[in-house]
Every structure is written in C-alpha cells, then in structure tokens.
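Here the protein sequences come in this chain order: A and B. All residue numbers for the first sequence refer to the working numbering, where the first residue is 1 and numbers rise by one. All residue numbers for the second sequence refer to the working numbering, where the first residue is 1 and numbers rise by one.
It is possible that part of the hints are untrue.
[Said to hold, decoys possible] Which residues of chain A face chain B? A few of them, derived with a C-beta cut under 7 Å, are:
no., residue
1, Ile121
2, Arg172
3, Ile212
4, Pro216
5, Phe223
6, Asn234
7, Thr353
8, His355
None of these hints come from the bench; they were simulated from the model. Quantities reported herein were computed from a predicted structural model and do not represent experimental measurements. Every residue, glycine too, gets a C-beta built ideally from N, C-alpha and C.
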Amino acid sequence: MKKLPLSNIKVLDFTQVRMGPQMTQWLAVMGADVLRVETKLRPVPFQDVGRPGRLAEPVKYRIGYFASLNYSKKSITLNMKKPEAIELVKKLLKHIDVVTENFSTGVLDRWGLSYEEMKKIKPDIIVCSASGFGRTGYMKDAPAYAPIIGAYSGFCYDNGYPDGEPAEPGCRGWTDSITAEQGVFAILAALYHRNKTGEGQYLDLSMTESEIALSPESALEYFINGRIRPRQGNADPIIAPHNCFRCKGKDTWVAIACGSDEDWAGLCKAMGKPKWTKDAKFADAVSRWENRDEMDRLIEIWTTQHDHYEAMALLQKAGVPAGASLNIEELAEDPHLKERGFLVELEYPDKSTIHRLALPFNLSESGRGYFEHPPAPGEHNNYIYKELMGMSEEEIKQLEAEQVIY
Amino acid sequence: MNDGALAGLKVLEYGDFISAPYCGKLLADLGADVIKVEPPTGDSARQRGPFPKDIPHPEKSGLFLYLNANKRGITLDMKNAAGKKAFYELAKWAEVFIENYTPKEAKKLGIDYKTLHRINPALVVTSITYFGQTGPYSDYKGTDLIGVNMSGEAFANPAYEVYNTDHNPPLKLPGHAGDFLGGLNGAMCAMSAVFMQQATGIGQHVDLSIQEALAAMVCHEVGDYYDADVRYLRNREDRWEHSPKLACKDGYIMMNIPDQFWAPLMDMLGNPEWSKEEKYQTAVGRHFNLRDSQPHVIEWMKHHSVYEVEKLAKEKRLPFSIVRTMKEVAADKLFVERNYYVDVDHKIAGKIRFPGAPCKFSATPGKIRHAAPLLGEHNSEVFEKILGYSPEKLVKMQQAGAI
Numbered sequence: 001m002k003k004l005p006l007s008n009i010k011v012l013d014f015t016q017v018r019m020g021p022q023m024t025q026w027l028a029v030m031g032a033d034v035l036r037v038e039t040k041l042r043p044v045p046f047q048d049v050g051r052p053g054r055l056a057e058p059v060k061y062r063i064g065y066f067a068s069l070n071y072s073k074k075s076i077t078l079n080m081k082k083p084e085a086i087e088l089v090k091k092l093l094k095h096i097d098v099v100t101e102n103f104s105t106g107v108l109d110r111w112g113l114s115y116e117e118m119k120k121i122k123p124d125i126i127v128c129s130a131s132g133f134g135r136t137g138y139m140k141d142a143p144a145y146a147p148i149i150g151a152y153s154g155f156c157y158d159n160g161y162p163d164g165e166p167a168e169p170g171c172r173g174w175t176d177s178i179t180a181e182q183g184v185f186a187i188l189a190a191l192y193h194r195n196k197t198g199e200g201q202y203l204d205l206s207m208t209e210s211e212i213a214l215s216p217e218s219a220l221e222y223f224i225n226g227r228i229r230p231r232q233g234n235a236d237p238i239i240a241p242h243n244c245f246r247c248k249g250k251d252t253w254v255a256i257a258c259g260s261d262e263d264w265a266g267l268c269k270a271m272g273k274p275k276w277t278k279d280a281k282f283a284d285a286v287s288r289w290e291n292r293d294e295m296d297r298l299i300e301i302w303t304t305q306h307d308h309y310e311a312m313a314l315l316q317k318a319g320v321p322a323g324a325s326l327n328i329e330e331l332a333e334d335p336h337l338k339e340r341g342f343l344v345e346l347e348y349p350d351k352s353t354i355h356r357l358a359l360p361f362n363l364s365e366s367g368r369g370y371f372e373h374p375p376a377p378g379e380h381n382n383y384i385y386k387e388l389m390g391m392s393e394e395e396i397k398q399l400e401a402e403q404v405i406y
Numbered sequence: 001m002n003d004g005a006l007a008g009l010k011v012l013e014y015g016d017f018i019s020a021p022y023c024g025k026l027l028a029d030l031g032a033d034v035i036k037v038e039p040p041t042g043d044s045a046r047q048r049g050p051f052p053k054d055i056p057h058p059e060k061s062g063l064f065l066y067l068n069a070n071k072r073g074i075t076l077d078m079k080n081a082a083g084k085k086a087f088y089e090l091a092k093w094a095e096v097f098i099e100n101y102t103p104k105e106a107k108k109l110g111i112d113y114k115t116l117h118r119i120n121p122a123l124v125v126t127s128i129t130y131f132g133q134t135g136p137y138s139d140y141k142g143t144d145l146i147g148v149n150m151s152g153e154a155f156a157n158p159a160y161e162v163y164n165t166d167h168n169p170p171l172k173l174p175g176h177a178g179d180f181l182g183g184l185n186g187a188m189c190a191m192s193a194v195f196m197q198q199a200t201g202i203g204q205h206v207d208l209s210i211q212e213a214l215a216a217m218v219c220h221e222v223g224d225y226y227d228a229d230v231r232y233l234r235n236r237e238d239r240w241e242h243s244p245k246l247a248c249k250d251g252y253i254m255m256n257i258p259d260q261f262w263a264p265l266m267d268m269l270g271n272p273e274w275s276k277e278e279k280y281q282t283a284v285g286r287h288f289n290l291r292d293s294q295p296h297v298i299e300w301m302k303h304h305s306v307y308e309v310e311k312l313a314k315e316k317r318l319p320f321s322i323v324r325t326m327k328e329v330a331a332d333k334l335f336v337e338r339n340y341y342v343d344v345d346h347k348i349a350g351k352i353r354f355p356g357a358p359c360k361f362s363a364t365p366g367k368i369r370h371a372a373p374l375l376g377e378h379n380s381e382v383f384e385k386i387l388g389y390s391p392e393k394l395v396k397m398q399q400a401g402a403i
C-alpha cells in the first residue's frame with residue numbers, strides 16, 4: 001500500500017459550505033482521517049445536486065458540490081443541540097489532533113467548545129477557525145461570503161478589462177479556495193511545531209487577509225508609490241505580446257506571452273515571418289509594448305487561421321509560451337491532465353461511479369494520495385463510536401434513540 | 001529569537017520570480033531557515049516593480065522584497081564546477097528543496113530529482129512547474145497568463161463584459177494569482193512530505209502543477225459537467241443571481257442575497273409597491289422571477305451613494321461590501337486592530353509596508369526577522385558557517401566566478 005504523509009492524523013471537521021470542506025479535503029487526500037460532523041437535523045447545503053433543477057432523477061448518494069469537496073472523508077452524525085452530543089465530542093477530542101470550523105464567530109464557544117475548553121481536554125490540540133474577517137477586530141461578526149470578501153479586500157476592483165467595470169474574480173469560490181489552502185498550510189505548520197515541542201495552538205484564519213497576501217501587487221503599489229493600480233485585463237505592465245488571441249472556431253482563444261526577444265523570434269517564426277514583424281515598431285521589447293494594440297491585431301490575423309490547440313502546439317514547438325484557453329468541457333477532457341492522473345474515478349458501495357478532479361500534486365512515494373467516495377451521512381458512526389471510542393452497541397443504540405447520534 | 005512554527009526546518013530554494021520564491025517565503029515567514037540561491041545575475045523579480053518613485057533598482061523591487069524577506073541569500077553560478085559542488089553540499093544540508101524550472105531545464109541545471117535524490121535520499125524535492133513533471137505538455141513554456149488560461153480559470157472569470165464574447169477574450173486574474181497559488185500549493189505539499197520524511201526517513205519528489213492548482217478551483221463547474229453534462233459557457237449569467245455587483249451613484253457595491261436576505265433587502269429599499277406582488281411572496285416565486293425583481297434593485301442603487309448603501313446594509317445585516325480600492329483597504333482600521341501589516345526596514349530600499357500572514361498563530365506568532373537579502377548578502381556567512389569554507393577559498397571561488 002502507498003504510504004501517505006498524514007496517515008496518523010485525525011481531524012474533527014465542523015466546517016460547512018465551501019472554504020472549510022476544501023481545506024479538510026486536502027488533509028484527507030494526504031491521508032488524514034477527517035471526521036465530518038454532520039446532522040440529520042438539516043441537510044448539508046448543495047449535498048444532492050449539481051445545479052438545482054438540472055438533475056431530474058433523485059440520486060442515491062451525495063454527488064454535486066458536496067462530492068467535489070468531500071471525497072476521502074468520513075461522516076459521523078451528531079445533534080449538537082443536545083448536551084449529550086457535546087459530551088460525546090469532548091470524549092472524542094482525546095483521539096483528535098486538529099479541529100476545524102468556519103461557523104459565525106462564537107458558535108463553538110456557546111457549545112462549551114472554545115479553544116480554551118478543548119485545550120483542557122487535549123492539551124496539544126490544534127484548532128483552526130476560518131472566517132471572513134478574522135475572529136478579532138471590529139468586523140468579526142459581519143456576515144461573509146466570497147464575493148463580499150473579494151470586494152472588501154480590493155481584489156475585485158482589480159479584476160476586469162481595462163475599459164470595463166470591476167468584477168468578482170475567478171470561478172465560483174476563488175476566495176474560499178485560496179483561504180482553504182492558506183489554512184491547510186497553517187495547520188501543517190502547527191502540526192510540525194506540535195510534533196517537535198508538544199505544544200498545540202489556535203489558528204485564526206481570515207479570508208480577507210488570505211486574499212491580500214496571495215495577490216499583493218496592488219497593496220505593494222499603494223504602499224510604495226501611493227497609487228491605485230489600474231485594471232489591466234490580460235495586459236502585463238512591461239511584457240507584450242501578452243494577451244488572449246482569437247482562434248478559428250466559435251469562442252476559442254490562445255494565450256501568448258513573449259517575455260524575451262527569444263520568445264518573440266519564436267513567435268515570428270511560427271507565424272511564418274510575415275513582413276510586418278520586421279517593422280521597427282516591433283524591433284525591441286519596449287517598442288512592442290508601446291505598439292501592442294496594433295501588434296495584437298496583426299498577430300490575430302495568424303491565430304484566427306488556426307484551431308486553439310493547434311496554435312498552442314505550433315507556438316510551443318517554436319519555443320513560445322502559449323496555451324489554449326480551455327473551457328470547462330475541454331478542461332474535463334484534457335488529454336494531458338488525463339495522462340497525469342488528475343481526473344479520478346470514485347466508486348460508491350453499489351459500484352456506481354462518479355468522476356472528479358484530483359488535487360494538484362503527484363508525490364513520488366504517495367502518488368496522488370488517498371481517494372474514497374464521498375461519505376453518506378453517518379456512514380462512519382460505527383467506526384468512530386464503536387471502534388475508535390469503544391462504546392457498546394447498546395450505548396450507541398440508546399443515543400440514536402435519544403436523537404443525540406442523529 | 002526565532003519563535004516561528006517552522007523554526008529549525010532547513011530549506012534550500014533555487015527558484016525564480018514568484019512561484020518557488022512564494023513557497024520559500026511561506027516557510028521562511030513561519031521560522032524556517034531558507035537559503036535562497038540566485039544566479040550571479042539575480043532573481044528576475046529584482047527587475048520587476050513596483051520600485052520607489054518608479055526608478056528601477058535591483059535592490060528596491062517591491063515584489064522581490066515581499067517575496068524574499070526572512071531568507072538568507074547567496075549567489076552561485078551553476079555552470080561553474082566549484083559553484084555546482086557548493087550547491088550539492090547545500091543540498092546535503094537541506095531537508096526541503098524548492099525549484100520552479102521545467103523538467104528539461106532542471107536536468108540541464110543539474111537540480112533534477114534524480115540527481116538530488118542520489119546526493120541526499122531524505123531530501124523533499126518540491127518542483128513547481130506550469131504543467132507538471134509528466135504528460136505531453138510537461139516541457140511547455142508557461143507564464144501566469146498561460147496557466148490561468150490552460151486551467152479554465154480565464155474562461156470561468158465572470159467579468160460582466162465577458163458576456164460579450166464576440167468582443168472580449170477570456171480574462172486572466174489580476175496580478176500573478178496563478179504563480180502565487182502555485183507557491184502556496186507547493187508549500188502545502190512540501191510540509192506534507194516533511195511529515196513522511198520525519199516518520200520514515202525518506203524524501204520524495206513533489207510534482208506540483210500550476211495548471212492543476214488553478215483547475216482545482218474550478219471543481220464545481222467540472223463536477224457539474226461530469227454529473228449532469230452541464231457545459232458552462234463564458235456568457236453565463238447565473239452568477240448574478242446571488243451575488244450581484246451593483247453600480248451606485250459614485251461607485252460599485254457587492255451584495256450577497258440568497259433568499260434568506262430577501263426581507264431585509266426589501267426593508268432597505270423601503271418595501272416598495274412592486275415587492276408586494278403575489279409572485280414575490282414565496283421563495284420559489286422569488287427564485288423564478290429574479291429577472292423581474294433585479295431591475296428594480298439596480299434602479300434603486302443608481303440613486304444612492306455607496307456610503308448610504310453601506311450604512312443601511314449594516315443596519316439590516318446584509319452581506320455587503322463596497323468594491324474598495326487599495327486606498328480604502330489601506331485606511332481600514334481592521335488591519336491595524338489585527339496587527340496584519342508588517343513594516344520592514346531595508347538597507348537600500350528603506351522602510352516598506354507589506355501584507356502580513358493570513359493566519360494568526362496563538363503559540364508561534366512568527367514575524368519578519370530581517371528584510372530580503374541583497375544579492376549575495378549571505379555568501380560568506382553561509383559558506384563559512386554551514387559548509388565550513390575558509391575565507392581564502394571563498395576569495396578563490398569569487399575570482400573564478402563561482403559565487
């Protein structure tokens with residue numbers, strides 16, 4: 001069997017929706033036992049369908065958004081409204097290395113599960129609290145969603161065409177995703193410290209601060225020169241050509257970036273050295289940048305004669321950084337990604353399967369990591385309550401009857 | 001004193017521009033001892049602004065200074081035999097190595113996994129590339145723009161003008177979001193591999209693809225395609241439904257209005273007559289008649305300033321933010337309250353303020369211990385203290401162009 005980096009780590013996962021689940025998914029694929037705390041009191045958002053209304057047939061297992069973010073995890077059910085459930089969590093904590101949550105500020109405290117309380121039970125526990133604006137400061141209670149954070153952090157202002165309006169950046173949930181990953185890194189660093197010193201800690205992770213740290217260009221511009229960076233679309237402040245160019249076919253494009261004279265020579269060669277490329281207007285990097293609009297139009301005469309994959313192959317062969325702009329279908333079917341094992345098949349207990357993207361790493365000893373179907377609610381109750389905690393069948397049945405394990 | 005969570009972790013970085021240096025920065029800011037190797041010409045980020053007063057200077061690049069604080073910097077010419085030998089000695093010292101060259105370039109430089117694994121079998125070799133170590137595109141040249149397009153991110157970027165697909169191309173994310181993301185993912189992988197190194201004594205090769213790191217963000221859209229054959233096109237408008245960006249008199253605001261916020265939103269609008277229509281009285285009705293209600297909301301916003309709307313939205317506890325510029329972000333007292341920014345004093349560039357770490361560690365807060373290194377600043381310190389070279393040997397190496 002493959003060795004997995006986090007195979008001896010147990011995570012108690014209270015997270016909801018996107019950011020938190022994406023964080024614990026990394027840990028699960030890296031081999032950690034991630035125990036999702038769920039309840040039958042209310043359904044997990046997005047658990048059954050892709051886009052509401054698009055799937056006519058009811059499904060037996062949870063697919064859709066839930067499946068994209070929760071494969072390889074385990075699910076236990078607990079009704080946290082019952083004091084007995086909180087007692088059960090406290091007993092479970094002795095087996096846990098990391099607790100994750102992204103509730104509104106104060107929910108865990110109200111349950112009597114603040115970091116300080118958990119620390120009394122498990123002194124070296126690591127608790128990661130993820131929130132929109134952080135758990136301290138005057139915004140700590142403000143409601144937060146990814147688009148709001150994008151606007152608040154200044155990233156949204158930066159996203160868009162130079163002559164257009166600002167827009168929420170990236171695919172759905174960009175801000176959630178990058179925060180999730182900053183959280184994974186913080187948890188791993190805290191585990192490293194715990195392994196060395198025996199000391200646990202509390203991690204206060206902020207979406208807003210994650211976004212500014214990961215895209216610092218505008219902050220640097222403002223702090224160094226007091227200027228607000230203009231929206232740049234596909235342009236680069238010093239490199240040209242640097243754009244998406246129209247190809248043959250409806251809404252198909254190839255991205256080209258020539259950072260050096262060598263790249264430019266490759267581009268000229270790939271295009272068959274048309275006469276205009278010898279014009280003094282395009283002779284050096286500065287001239288090309290200054291005359292980039294005209295140059296882009298001339299390059300497009302060549303790209304529109306080619307399919308976007310074909311243009312990419314021809315340009316790369318000539319040593320030019322170039323890439324087809326993939327739509328969702330092309331991404332899901334990309335031969336390169338398939339060959340690399342980035343697309344995975346997950347099998348449910350009835351042998352039916354779904355497909356999903358893997359995570360972006362391949363390790364020489366651990367491969368792509370650990371993959372298991374997304375759990376059904378409470379699928380691992382037996383494993384946790386009986387095998388891990390040593391509770392008796394009667395005890396478990398009793399708690400089920402009282403709707404504690406529920 | 002170094003009180004970071006990663007104090008004691010030995011890291012060697014031979015990375016250029018953003019992805020590998022950001023990976024090294026994440027480790028260094030939490031206390032790891034990161035030695036950054038630059039070729040004698042320096043990291044290319046040194047040529048990138050912003051520079052104070054826009055005057056280019058290799059020691060004053062804001063981007064370089066942000067990415068390389070807390071690291072020790074040395075110069076080495078990998079084409080020189082003595083330089084290469086010194087590099088391999090450092091590879092024996094290190095627990096983690098970070099690089100961002102294509103597999104072909106890495107091999108040519110002699111920093112490929114096979115070579116390094118032979119020298120130090122316990123080493124975690126973190127390779128951050130645009131397309132990964134295997135597959136037909138593995139030696140393709142990339143940049144942030146290329147990665148963002150090859151991952152579906154540019155196609156999924158929902159700038160409003162994107163709907164005009166005849167006129168506007170797919171849109172990349174601002175700045176170098178893809179490169180930074182690659183660095184972050186590299187750091188997560190490197191740390192994971194370190195746990196296995198500690199448990200088993202074996203190192204491994206981390207193959208991190210920026211294309212995949214970006215594509216992993218599009219997981220919902222790809223899941224919909226696999227599950228239900230949904231093929232999103234660029235001109236999709238469904239995003240507007242729950243998180244419209246709205247134009248006010250003097251700027252833009254962003255709101256998130258899933259159905260549970262309908263009542264407070266109508267309150268804010270003064271419960272207008274149109275909202276009392278039968279079709280808006282149930283959640284289902286509101287969902288299917290969104291196209292009818294939206295123009296009313298848009299119209300109302302046009303007559304109000306962003307600050308008026310902000311005040312009202314706060315009273316009604318609506319998820320809301322003004323689309324802020326960096327000027328407004330910088331003036332926000334939240335980041336002062338949370339002690340977010342770090343101020344660094346650099347020998348040549350002077351005092352510069354940077355964004356800080358996105359996560360507060362209660363036990364190991366970490367900090368900026370020193371500014372980014374000048375080119376070759378720590379040559380004698382590293383070669384003498386870590387490799388035990390004599391000052392005479394260093395002079396000889398300098399004369400031979402090795403450092």
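We went through each hint and held it up to the structure:
1. Below 7 Å, beta-carbon pairs count as interface contacts, and A/Ile121 has none with chain B, the closest being about 17 Å; its hint is therefore violated.
2. At a threshold of 7 Å, the smallest CB-CB gap from A/Arg172 to chain B is about 6 Å, leaving the interface hint in force.
3. The beta carbon of A/Ile212 is positioned within 7 Å of a beta carbon in chain B (closest approach about 5 Å), and the interface hint is therefore held.
4. Interface restraint check for A/Pro216: the shortest CB-CB distance to chain B comes to about 5 Å, inside 7 Å, so the restraint holds.
5. Annotation: A/Phe223 was flagged as interfacial toward chain B, and the flag holds, the nearest CB pair being 4 Å apart, inside 7 Å.
6. Here the hint on A/Asn234 is kept, as its CB sits about 5 Å from the closest CB of chain B, short of 7 Å.
7. Contact between A/Thr353 and chain B, as hinted, is not supported at the beta carbon level, the nearest pair being about 10 Å apart and thus beyond 7 Å.
8. Among the interface hints, the one on A/His355 holds; its C-beta lies about 4 Å from the nearest C-beta in chain B, closer than the 7 Å criterion.
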